[in-house]
Structure formats: C-alpha cells, structure tokens
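Each chain is listed here by its residues.
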Amino acid sequence: MKNKYSIFSLARNALSYHQRWQTAWRSPEPKKQYDVIIIGGGGHGLATAYYLAKECGITNVAILEKSWIGGGNTGRNTTIVRSNYLWDESAAIYDHAMDLWSDLSQELNYNVMFSPRGLLHLAHSVHDMQEISRRGHSNHLNGIDAEFLNPEQIKKMLPFIELDCRYPVMGGILQKRGGTARHDAVAWGYARAADALGVDIIQNCEVTGFNIRDGAVCGVQTSRGQISAKKVGVVTAGHCSVLAEMAGFRLPIESFPLQAMVSEPVKPIVDCVAMSNGVHAYISQSDKGELVIGASSDTYTSYTQTGGFDVIEETIGAIVELYPLFSRMKMMRQWGGIVDVTVDRSPILSKTPVDNLFFNCGWGTGGFKATPGSGHVFAHSIANGEMHPIAAPFSIDRFHTGGLIDEGAAAAVAH
Amino acid sequence: MFIIECPWCGKRDQSEFSTHGEAHIARPEDPSVLSDEQWGDVLFFRHNPKGQHYERWNHAHGCRRWFNVSRNTASSEIYASYKPGEARPGAGKS
Ligand SMILES: Cc1cc2nc3c(=O)[nH]c(=O)nc-3n(C[C@H](O)[C@H](O)[C@H](O)COP(=O)(O)OP(=O)(O)OC[C@H]3O[C@@H](n4cnc5c(N)ncnc54)[C@H](O)[C@@H]3O)c2cc1C
Ligand SMILES: [Zn+2]
Chain U
1 MKNKYSIFSL
11 ARNALSYHQR
21 WQTAWRSPEP
31 KKQYDVIIIG
41 GGGHGLATAY
51 YLAKECGITN
61 VAILEKSWIG
71 GGNTGRNTTI
81 VRSNYLWDES
91 AAIYDHAMDL
101 WSDLSQELNY
111 NVMFSPRGLL
121 HLAHSVHDMQ
131 EISRRGHSNH
141 LNGIDAEFLN
151 PEQIKKMLPF
161 IELDCRYPVM
171 GGILQKRGGT
181 ARHDAVAWGY
191 ARAADALGVD
201 IIQNCEVTGF
211 NIRDGAVCGV
221 QTSRGQISAK
231 KVGVVTAGHC
241 SVLAEMAGFR
251 LPIESFPLQA
261 MVSEPVKPIV
271 DCVAMSNGVH
281 AYISQSDKGE
291 LVIGASSDTY
301 TSYTQTGGFD
311 VIEETIGAIV
321 ELYPLFSRMK
331 MMRQWGGIVD
341 VTVDRSPILS
351 KTPVDNLFFN
361 CGWGTGGFKA
371 TPGSGHVFAH
381 SIANGEMHPI
391 AAPFSIDRFH
401 TGGLIDEGAA
411 AAVAH
Chain Z
416 MFIIECPWCG
426 KRDQSEFSTH
436 GEAHIARPED
446 PSVLSDEQWG
456 DVLFFRHNPK
466 GQHYERWNHA
476 HGCRRWFNVS
486 RNTASSEIYA
496 SYKPGEARPG
506 AGKS
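So the protein lines, in turn, are chains U and Z. Residues in the first sequence are numbered consecutively from 1, following the numbering used here. Residues in the second sequence are numbered consecutively from 416, following the numbering used here.
The following block holds chain Z by itself, in its conformation from the complex (with noise of 0.2 Å):
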C-alpha cells in the first residue's frame, strides 16, 4: 500500500486508484500478419520484473483519468508519475 501522485490531482491514497499492468506497449499495427507466437507474446506476455517498472494506474475514485508510473516493485518506492503519450523517465529516481 502506497501513495500515488496521480498528475492531475495530486497525491492520494493508492486504494483511489486501479492498476492495468504493464505501460507502453505497442500494439501491433497490423495483427493478421503476426504469427500464433507473435500474437501470443502480444496477448500475454508481461514483464515482470523484481525492481523497476513503468505500468498504467487510473484513478478510479478521483479524476478517472489515465496516466502510468515508474515504481520498484521489490521495494514499492515510486520513481515518478507521469501522463500518457509522455516518454518514459530514465529507469531509477529521476
């Protein structure tokens, strides 16, 4: 349990907020040309990784707006949060 600062409204209470797994992903442009292996890694295939991880949040019982954060999952510290279409922080305190 963690505080987020969503960038809309400050900080809040993390049980304010769902959370939707990994952020930027690229969706496939086409998809009826990936093979059954490329359409698999797209479908479910996740980092999961014991440090640091960029995932989308939304905050559900304030702004309901999208956004994602940079957060160590071994230590639950958040690096950053940021709006979408921004470019990713530098991994680590920014």
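Next comes chain U alone, as it looks inside the complex (with noise of 0.2 Å):
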C-alpha cells in the first residue's frame, strides 16, 4: 500500500529528517509472463500503463525499459503545453490531454506542477499572421479558446520584449489554458501510480526482438531474457522505428536531433510561454527561474542525443534579436533528444501488421503536451482491440490511403 503524499506527510516526515520516505515505486524482477507489455518508459508509455491499470482493469502489466524512466525525450523537453492545433483530429486528441492535465496532480497524487500561464505565438511575417488567424479560428469552431492580441497587447505581456527589429512582432495568438508542466514529475507521478495499481516498472531492460507465431506478437527478447505477452505497445519515440524493424515492418518515420538549454536562474521576469515559430525560438522561464531556451529540431538523422552548434546559435540569436535584455545571460546546460518525425508531423497510434502489436509514436518535437491524452485513449486500445476514436485517425494507414493530418505544413508547428 502507498503512502498517500500531504502537507501531513510531509510534516511528518520532517520529524524524521526527510529519511524514511518509501520508496516511489518498487524495482522487481520481470515475471515470465504479462497480460501486456509496454516497450517504453518515458511519459507516454507510463501513462498508458497506468490507464490500462486504472480504467481498463488490466493489472498484469509490464513497462521494459532500457535504460531509466523518464531519461527519453520525456526528461529532455521543453515542457510546453497547450492544444491549439489546426486539424480536428488534433485538436481533440491534444485537448482530450488538456482535459487530463487540469487535474493530473490530484488524480497521481503527485505534485506534476501544471502551470496553464499562458501560452503566446508570435507572429513575424505576412506568413505568419495568417497562420495564426487561420489556426484561432479554426480553434474556435473546436471550443479551443484563442486570443488574438496586436503588438501593443504584447509589449503589455513581455515589457522587455523588441517590437521593432529584425523579426518585427505583427501580432499574437494567446491559448490561456496553454502553459508548461514538471517533466521529471510527469513520468514519476504516472510511475508511482501505476505502480501503486499493481504494474511491474521494469528499468534496464532492453528489448531487442520480438516472438511472433502466426502472425501475432506473444512475447519479447531482452537484455533480462524472454517475456511472454498477450499484447505488446511500443512506445519508444526516437527508436521506434528500430522496433519496428524488429517486428519486419517499417514505420513512415524519420530520427533527428532536437536541442535545448536552460540559462543560469534569475528573479522571475517571463511569465508565459513565448514562441516564434518562423524564427525557430522560444522561451519560458522555470520555476527555478532558469530561462528554458528551444531551438528547431537539425536536419540531419540521428541517433546520437547531441546536436550541431550552428542550431544552437541561430536560436540565440533570434532569442536575444527579440529579447536584447537576455544578452548577457549565461547558459548553464544544453542537450538533445531523438525526436521521431513523421511526414505530417502528426502522431502514429496504430494497429500494426502484427496482430497484437500496437505503436504509439511519430509524436516527433510536440508529445509531451499530449503524455495523459495519448496514454489514456492508447490503453483503452489496447485493452479493447480496436483504436479509440480519438487515436484512430492517427494510424499508420493514412500514409496509404492519403488521410494525412498535416499539421506541418499548416501550422509550421513546432512544439
């Protein structure tokens, strides 16, 4: 049984100097044998495992990952979140997650740090404007709110900011509920949880193959021996399409390098989230009060977690372009993600050409935003065998039949 986390909890445990917290979740060996198996322990997959647990009464459930929970792209983002998408299909799957996130602390009992501050697109072009006015009133017609603001409104919400430079702010569109989240807390919040309900948290354990018999997934190889499964989801962003490789099939998806920084902390000053997609930058501030710096994902294939200092500096330099006061700013860390893109950029949740097998990936530069929305409507597929209707637009098909959601080149969307 869990201890349940509260300001009683917490009194209590200062008693006795902070050192006899349980542990959040358990380590235990992998059984021979699991209803399903998630190959994948970043956000999605936990929130998947923990939704099969809660909603779907499916208990016996594995999560296999090869290194530790959360260190993925779920560790390395930029934590932006908000759901105003163009398309239908997104906005209903990224406001599905919206929905979730509101009260994703007191549903984990896990402070996950959701902070709906405020989530602002500027506009630097003729381009761009329309963009954004198409996008908003799109949102509308899905009850998604969106604001649009002209650049007095926005000087009013980022005093600091250069209106008048080389990347001239035209206008804005502000989605209020959008904002940013704790990442670490996310993945250990669903981890606990999940764990609580009965899930094995299976760490440093890789998979490197898969047991099919007539044409249908029943188990796993690994680094920890073989695991036998009724159903497999594999949930393993950047590597996804290693995994699909393994299962003889290929994914219409690409790797790259994705890269971000944190600044040295300072007193609050940014109190939203601002991006430019046009100039590929963009900025929060944490509450640690390190600014949170993104860049574009580079243009290469990759597996290597690192990327190339031309992006990093094209970043900066829009960044500082922009905001001239955060020039003398020192950057503390900076690192990359493999993030896995596909043509749409738009997610794959999917039936495979293996029966049993589900993919939940393709979420490329943007995922994490949708960690609660896309684990909760992939578990229910999962458990009923056919795609929930929000993630069934999102499957792998729509690169054969032509029903792309194409968020790309709608939106030039980045996270």
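Simulated from the structure, these hints should not be mistaken for lab results. There could be a bad hint or two in this list.
[To be verified] Output of the computed footprint for chain U on chain Z, the stretches with three or more beta carbons under 8 Å from beta carbons of chain U: (1) 426 to 435; (2) 457 to 468; (3) 488 to 495.
[As the list claims (entries may be wrong)] Beyond 10 Å from chain Z on every Cβ pair, some chain U residues (computed): (4) Phe148; (5) Val242; (6) Gly308; (7) Val343; (8) Pro389.
The beta carbon of each residue, even a glycine, is placed where N, CA and C say it ideally should be.
Got two chains here, each in a separate frame; can you build the complex from them with the hints?
This is the structure we're talking about:
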C-alpha cells in the first residue's frame, strides 16, 4: 500500500529528517508472463500502463525501459503544453490531454506542477499572421480558446520584448489554458501511481526482438531474458523505427536531434511561454528561475542525442534579437533528444501488420503536451483491441490512403 | 556536427551543407500503375536505421553540387562520400 502524499505526510517525514520516505515504486524482477507489455518508460508509456490498470482493469502489466524511466525525450523537453492545433483530429487528441492535465496532480497524488500560465505564439511576417488567423479561427470552431493580440497587447505581456527588430512582431495568438508542466514529475507521478496499481516497472531492460507466432506477437526478447505477453504496446519515440524493424515492418518516420538549453537562474521575468515558430526560438522560465530555450530540430537523422552548434547559435541569435535584455545571460546546460518525425508532423497511434502489437510514436518535437491524452486513448485501444475513436485517425494507414493530418505545413508547428 | 568531405571541394564544416534524406531511392518508372500502398511507400516510407545509412547531401554554401554520404547515425562517423551515379560503398568503413 502506498502512503499518500499530503501536508501531513510532509510534516511527519520532516520529523524524521526525510530519512523514511517510502520508495516511490518497486523494482521487481520481470515475471515470465504479462497480459500487456509496454516497451518504453517515457511519459507516454507510463501513462498507458497507468490507464490500463486504472480504467481498463488490466493490472498484469510490465513497462520495459532500456535505461531509466523518463530519461528519453520526456526528461529532455521544454515542457510546453497547449492544444491549439489546426485540424479537428489534432484538436481532439491534444485537448483531451488538456482536460486531463487540469487535475492530473490530484489524480496521481503527485505534483506535476501543471501551470497554465498562457502560451503566446508570435507572428513575425504576413505568412505568420495568416497562419495564426487561420489556426485561431479553427480553434474557435473546435471550442479551443484562442485570443488574437496586437503588438501593444504583446508588449504589455512581455514588456522587455523588442517589437521593432529584425523579426518585427506583427501580432500574436494566445492560448490562456496553455503553459508548462514539470516533465520529470509527469514520468514519476505516472510511475508511482501505476506501480501502486500493480504495474511492474522494469528499468535497465532493453527489448532486442519480438516473438511472433502465426502473425501475432506473443512475447519479447530482452537483455533480461524472454518475457511472454498477450499484447505489446511500443512507445519508444526516437527508437520506434528500430523496434518496427525488429517486428519486420517500416514506419513513415525519421529520427532527428532536437536541442534545448537553460540559463542560469534569475528572478521571475517571463511569466508566459513565448514561441516564435517562424524564427525557430521559444522561451519560458522554469520555477527555479532558469530561462528555458528551445530550438528547431537539426536537419540530419541521428541517434546520438547531440546536435550541431550552428542550430543553437541560430536560436540564441533570434532570442537576443527579440529580447535584447537576455544578451548577457549565461547558458548553464544544453542537450539533445532524438525525436521521431512523421511527414505530416502528426503522431501514429496504430495497430500494425503484426496482430496484438500496437505502436504509439511519431510525436516528434511536440508530444510532451499530449502525454496524458495519448496514454489514455492508447490504453483503451490496447485493452479493446480496436483503436479508440480519438486515436483512430492517427493510424499508419493514413500514409497509404492519403488521409494525412498535416500540422507541419499548416501550422509550421514546433512544440 | 561534423566534417563532411565534398567529393569536389574536400573537407568542410557540416554547416556548409544541406541534407536531403535517404539516397539510392529508385523512383518508379510508371507511377500510374502503382497501388495506393506502393505509392504511399514511395512517398513517405524511409529507412531510419540506427547505424550505417546512405544519404544525400548538397554543398549548399560551396560548389552547390549533390553527392552521397555513407554515415553512421549512432556515432556520426562518416565512412565515405561519393559522387551521384557511383555505386554505394559497402557498409561500414571502406
Ligand atoms: C529538446 C526537446 C524539446 C521538446 N519540447 C517539447 C515541448 O516543449 N512540448 C512538447 O509537447 N513536446 C516537446 N518535445 C517532444 C516530447 O519530449 C516528446 O514527444 C515526448 O516526451 C515523447 O514521450 P515518449 O514517452 O513517447 O518518449 P520518451 O520519453 O523518449 O520515451 C521512450 C523510451 O523508450 C525507451 N526505449 C527505446 N528503445 C527501447 C528498447 N529497445 N527497449 C526498451 N526501452 C526502449 C527509451 O529509453 C525512452 O525512455 C521536445 C523534445 C525534445 C527532445
Ligand atoms: Zn563542394
């Protein structure tokens, strides 16, 4: 039985100098057999396991993670949460996630620090203005909040912005419900809650192959031996193509490095998230005070979790042009993650050519915000053997039928 | 970030080049006879190996010519760069 986190448990543990906190999840040995195996212990995989146990009554579940949970893109992203996508299918899945974000800390009894502080997209060109106007109106039709701002209103939100610079600020679109959440806490919160429902979280366990009989998956080979399973869900982000190859098919996905960085901590100054898709730079401030800055992805495929210095330089150049105040800030850390990019910049939640083998991937540069919604609909899809209605349009079939959900071309979408 | 050897100009910084994905894709002779399935494969499905890969690069800020590179996507090691039309070198170091 898990101890509940509360003000009382905090006080009680303070008395024992915080030496007696229960471990947040067990580290069990893998069993021989599970009803469902989830490969990949990022936020999406952990959320899937949690909802399988919580809502679908399937508790004989293992998460197999090759290194440590949350160490992939989940722990490397810039934590932006929003749902103001262009197309109906995207609006449905990202706004489903938004609904779940709003009380996720209570649901998991874990503070995921969801902070709907407002998400501002800046427009720097006529094209950008047209894009935000089209997207904003489409958001309104889907019941998603979107406010158009003029440069004066933007200056009020960000008094230190340079409106009249190389990238003139012509307008903006604000989603007030958008913001940030604490990425690690999302992984840990789902892990702890899933573990409490009986899910086995098995770290340092790399999947190296699938056991497939009569066209259906029946187990996996791992660095810790064979494990059989009735159903398998693959949620390995940048490595999804590697897993697909093991199962004998290809995905319409390529893997690219995406970089981010944080500055030294300073007093609160940026109280929303400001994104400039057109110039590939976005900025927010963590609760610790660091400026969190993200770039566009590197242009070549890679699995190295590092990117080029030229990309960082370009991003910092744009940040300094728009916010000259930050020109003398020191950057403390910089890193990369490997993002799984589809041609239409929309994810894949799908059955596959192998029966009982499901994939949830292709979230690319922007899947953190979808974590609760993705895990929720994917869990129901695996449990029922049929894709959940919100997930169904994101099937691999769309690359053969032509039913693309083209967020890339439509929204110049970054995160 | 790495150094790429342009077959015409020699070794240059990667930032001088633009990259254009998988190389040696044979375009279908007669697209109209393809099924939707085959056409989707042609348009959207690419190899995305963790390891040795053949890909197209352009020396955008140099001679502006196209060429192919054999590169390891897990280590960024470049095994070979070669002119279009030349046979692909064997996997790994040549
Ligand atoms: C720099 C950066 C900034 C980003 N910014 C944002 C943002 O602001 N907002 C946003 O919404 N999204 C953002 N994203 C995207 C977001 O991080 C991802 O879409 C999301 O976190 C993916 O979660 P996941 O659980 O699917 O993948 P991951 O967290 O990557 O988890 C996949 C897991 O699978 C494991 N795995 C791989 N292969 C195997 C194997 N063979 N066996 C076992 N386990 C395996 C990996 O170790 C990894 O832990 C950003 C990404 C990056 C890199
Ligand atoms: Zn050249």
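Checked hints:
1. 426 to 435: Contact hint for the region 426 to 435 of chain Z vs chain U: holds, 4 residues under 8 Å.
2. 457 to 468: That given contact holds, which follows from 9 residues of the region 457 to 468 of chain Z lying within Cβ reach (below 8 Å) of chain U.
3. 488 to 495: holds (count 4)
4. Phe148: 35 Å, holds
5. Val242: Violated, because the least Cβ-Cβ distance between Val242(U) and chain Z comes to about 5 Å, which does not exceed 10 Å.
6. Gly308: Since the minimum Cβ distance to chain Z is about 4 Å, Gly308(U) lies within 10 Å and the statement is violated.
7. Val343: About 5 Å separates Val343(U) from the closest Cβ of chain Z, which leaves it inside 10 Å; violated.
8. Pro389: At roughly 23 Å from the nearest Cβ of chain Z, Pro389(U) sits farther out than 10 Å, so the non-interface label holds.
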